[in-house]
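All chains should be built: construct the whole structure from the sequences, respecting the hints.
Here the protein sequences come in this chain order: D and P.
The opening residue of the first sequence carries number 244 in this note's numbering; numbering runs sequentially from there.
The opening residue of the second sequence carries number 1402 in this note's numbering; numbering runs sequentially from there.
Accuracy of the hints is not assured; some may be wrong.
Lysine-lysine pairs mimicking PhoX-like chemistry, simulated, CA-CA at most 20 Å apart [stated by the list, open to error]:
no., chain 1, residue 1, chain 2, residue 2
1, P, K1497, D, K307
2, P, K1470, P, K1457
3, P, K1497, D, K298
4, D, K298, D, K263
5, P, K1471, P, K1427
Looking from chain P toward chain D, a few residues come up when the C-beta cut is under 10 Å (computed) [as the list claims (entries may be wrong)]:
no., residue
6, Q1434
7, Y1436
8, Q1438
9, L1449
10, F1489
FYI, nobody ran anything at the bench for these hints, they're computed from the structure.
In this text, all values refer to a predicted model and were calculated from it rather than measured experimentally.
Ideal placement from N, C-alpha and C gives every residue a C-beta, glycine not left out.
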Amino acid sequence: GAVVSQHPSWVICKSGTSVKIECRSLDFQATTMFWYRQFPKQSLMLMATSNEGSKATYEQGVEKDKFLINHASLTLSTLTVTSAHPEDSSFYICSAPTDLTSGHYNEQFFGPGTRLTVL
Amino acid sequence: SQQGEEDPQALSIQEGENATMNCSYKTSINNLQWYRQNSGRGLVHLILIRSNEREKHSGRLRVTLDTSKKSSSLLITASRAADTASYFCAKDSSYKLTFGSGTRLLVRP
Chain D
244 GAVVSQHPSW VICKSGTSVK IECRSLDFQA TTMFWYRQFP KQSLMLMATS
294 NEGSKATYEQ GVEKDKFLIN HASLTLSTLT VTSAHPEDSS FYICSAPTDL
344 TSGHYNEQFF GPGTRLTVL
Chain P
1402 SQQGEEDPQA LSIQEGENAT MNCSYKTSIN NLQWYRQNSG RGLVHLILIR
1452 SNEREKHSGR LRVTLDTSKK SSSLLITASR AADTASYFCA KDSSYKLTFG
1502 SGTRLLVRP
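Structure follows, in structure tokens:
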């Protein structure tokens, strides 16, 4: 099946620094990728939709300037958490659909996630 | 905010028993998907049921969809200790997935 990778798998940083997380589709092209955040024992919350060649679409309540998304190619999207603070500590997961049929996405493939800890 | 709610929030059963998880949603869907997540890991797609389907099987998994009640259920038969994980339903509409609150399943050996 399709594989999505994320790098790094975990990162610890000091408050005020910026952290970049990469999401790659390894064996397929993804014009769209999605970024989620998950707090402990909670569900996934969609943060933004990353679109190749255009600006990302952010969900309500997600700060665009804090969570910078760049979809540089058909296989790579990056999420940069700028000026990270302890409350940004979370599990960040990306996903990519492999098929766009009849106007809607089918199965999505998820990356293994990146655990961010801000001290 | 989350569109789907799941119940129960947690479920503990003995190996060999069946596990049933329910999911409700509020708005129309293209399809509904079920995912599994082991602790601290990414999500694994289990099964997708389209809005015009009522039931779908995959191995020990059985999913039903009732669009009139806006609800779905996931049944895992003959559970195994390895089925211990969190299970999420995800509503597919408007080109995005909206996840339910999840059910934490513990299968005791």
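Each hint tested on the structure:
no.	hint	in the structure
1	P:K1497 <-> D:K307	18 Å, holds
2	P:K1470 <-> P:K1457	17 Å, holds
3	P:K1497 <-> D:K298	16 Å, holds
4	D:K298 <-> D:K263	17 Å, holds
5	P:K1471 <-> P:K1427	7 Å, holds
6	Q1434	7 Å, holds
7	Y1436	8 Å, holds
8	Q1438	9 Å, holds
9	L1449	6 Å, holds
10	F1489	6 Å, holds
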